[in-house]
Amino acid sequence: MRKRYGMVIDTRVCISCGNCVMGCKAENVVPEGLHRVWVVEEESGVFPHARLESRSERCNHCEDPPCVSSCPTGASFIFEGSNITLVNPDECTGCKSCVASCPYDARYIEPGGYIGKCTFCVHKLGSGEQPSCASVCPTDCIQFGDFNDPNSQVSRSVRTERTKVLHEAAGTNPNIYYIY
Amino acid sequence: MNEDVRYEIITGKMNPHIDPVLDIWQWQVPVYLFIGGLCAGILILAAWAVLSKAKSQTAQRLSLAVLPLLGIGMGALFLDLENKWNVFQFFGRFVPSAPMSWGSWLLLLLSPIIAAFVLATATEAWPNHWEKIQQRSILLTRIKTLCEPFRQHLSVIILIGGISLAVYTGVLLSAYVARPFWNNSSLAILFLLSGLGAAAGLLQLCAPAGTERHRFGRVGLYVLIAEVSVLALFLINLADGTQAQDGAWAVITGGPLTISFWIFYLGLGVITPLTLELIALKKKVPYAIAPVLEIGGSMLFRFVIVAAGQLTTWQLY
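First to last, the sequence lines map onto chains A and B. The first sequence begins at 1 in this note's numbering and counts up by one. The second sequence begins at 1 in this note's numbering and counts up by one.
Hints are not guaranteed to be accurate.
[What the hints assert, rightly or not] Cross-link-like lysine-lysine pairs, in silico, DSSO-like; alpha carbons within 30 Å at most:
#, chain 1, residue 1, chain 2, residue 2
1, B, K13, A, K124
2, B, K13, A, K3
3, A, K25, B, K84
4, A, K25, A, K164
[As the list claims (entries may be wrong)] Only some residues are given here: those of chain B computed to face chain A with a beta carbon under 10 Å:
#, residue
5, K13
6, W25
7, D80
8, E82
9, K84
Just so you know, these hints were derived from the structure itself, not from any lab. Ideal Cβ placement from N, Cα and C applies to all residues, glycine included.
Produce the complete structure using the sequences and hints provided.
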């Protein structure tokens, strides 16, 4: 059965420590000045009803990824049997069509000229490990799993918690949910 | 957005050319889009000249410049590629969902047809020069002889190909849902009309005084009227659109591209040549001003649109 990998991130628990950012950079050797994962602090409301939401963001590995459909060479592709979107550097021309098509601005240009992005640490998944950002989170606010498995932690969280996705109206069916 | 709610987003992400606003396409892409539109316009008018009774030696002559011009445009696009060694990957496969793939294959397939069209119409376009060429190149003469019987068919293909090429330059941008300023289907028609207008302007400048120059002036006038109408639809769609499109509307209404869009593109590049062409129907005006402004407006249009789209995002919605 096809895996639908995704994350549920608890913004009530996230403390914006940036460990997910550093964990990703260390695991994937992301060059200096570039980020596959980043932390957002969003303030809203006016005192005394002000609110601060901290959340860790990355590629949403969408169900309908425009980055894959807009790639003219097929370098952007969906990893077999899953929803993980990856880039094949050998086929990437660096035309940046996928960068323009992503409503999450989750892609960037690697020094080698090809496009870089979050891979959900696909190289670790085979051995049952978690993506690096999730495994290093000190507050355990990042849950990772398969949404097609109704018994997975992420499926249960989406069923029982109040969640949202980002930029839903962009219509890409993202696979990262935020508990808020 | 609620009036009493203020949003402020702070992020540690600062990827070059992505944050704080997208800046992935600089001058190379608008230049490529302009040249693509101009060439498409020349092809449409040259094919129309062959198919209709309105013969135009200038249009047929200018079609000779299309392939070198497209080469320059493709060169600009090549300069924009971050991974230039992989340029041939564009032709490794056809991806139906990617407008850029359509464009690559369209240009590849259209190029020999343009060459065949130029040869098939060479006798009318270059009556004096062709004799000399004929003596020097037997191969060219043989190919020309092969192409000539298909002159009409080639013109039909060139007409369709020219329209497709111009529309593609717009679809390339309008397909990006992630960029609210671009995500508007009328952009494709605007690019077609803008390319056609630039071509009519160039032909008006190159045509000898008389009927032909006058005819391209008229073509330019009709195209400009159509462009203003479609532009109005484009702007209405933007102003009446979603919250994300409201943000895109703000880019040209008080935002950083307000003066470039309204004063330089619309004022100088569209309304002024339109007015001059209208005056030219009754009175004599220097013929070169309107077409030069039309061509300049067409180029500026691409620069403004490419920049505006990159300034718009879903990040706040």
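Outcome of the hint check:
1. B/K13 - A/K124: holds, 24 Å
2. B/K13 - A/K3: Given pair B/K13, A/K3 holds - Cα atoms ~29 Å apart, limit 30 Å.
3. A/K25 - B/K84: holds, 26 Å
4. A/K25 - A/K164: With Cα atoms ~26 Å apart, A/K25 and A/K164 stay inside 30 Å; holds.
5. K13: holds, 3 Å
6. W25: Holds, because the Cβ-Cβ distance from B/W25 to chain A comes to roughly 7 Å (cut-off 10 Å).
7. D80: holds, 7 Å
8. E82: For B/E82, the interface hint holds, since the closest Cβ of chain A sits about 3 Å away, which is under 10 Å.
9. K84: Given a least distance of 7 Å, the restraint on B/K84 holds.
Comparing the model with each numbered hint stated earlier shows that all of them hold.
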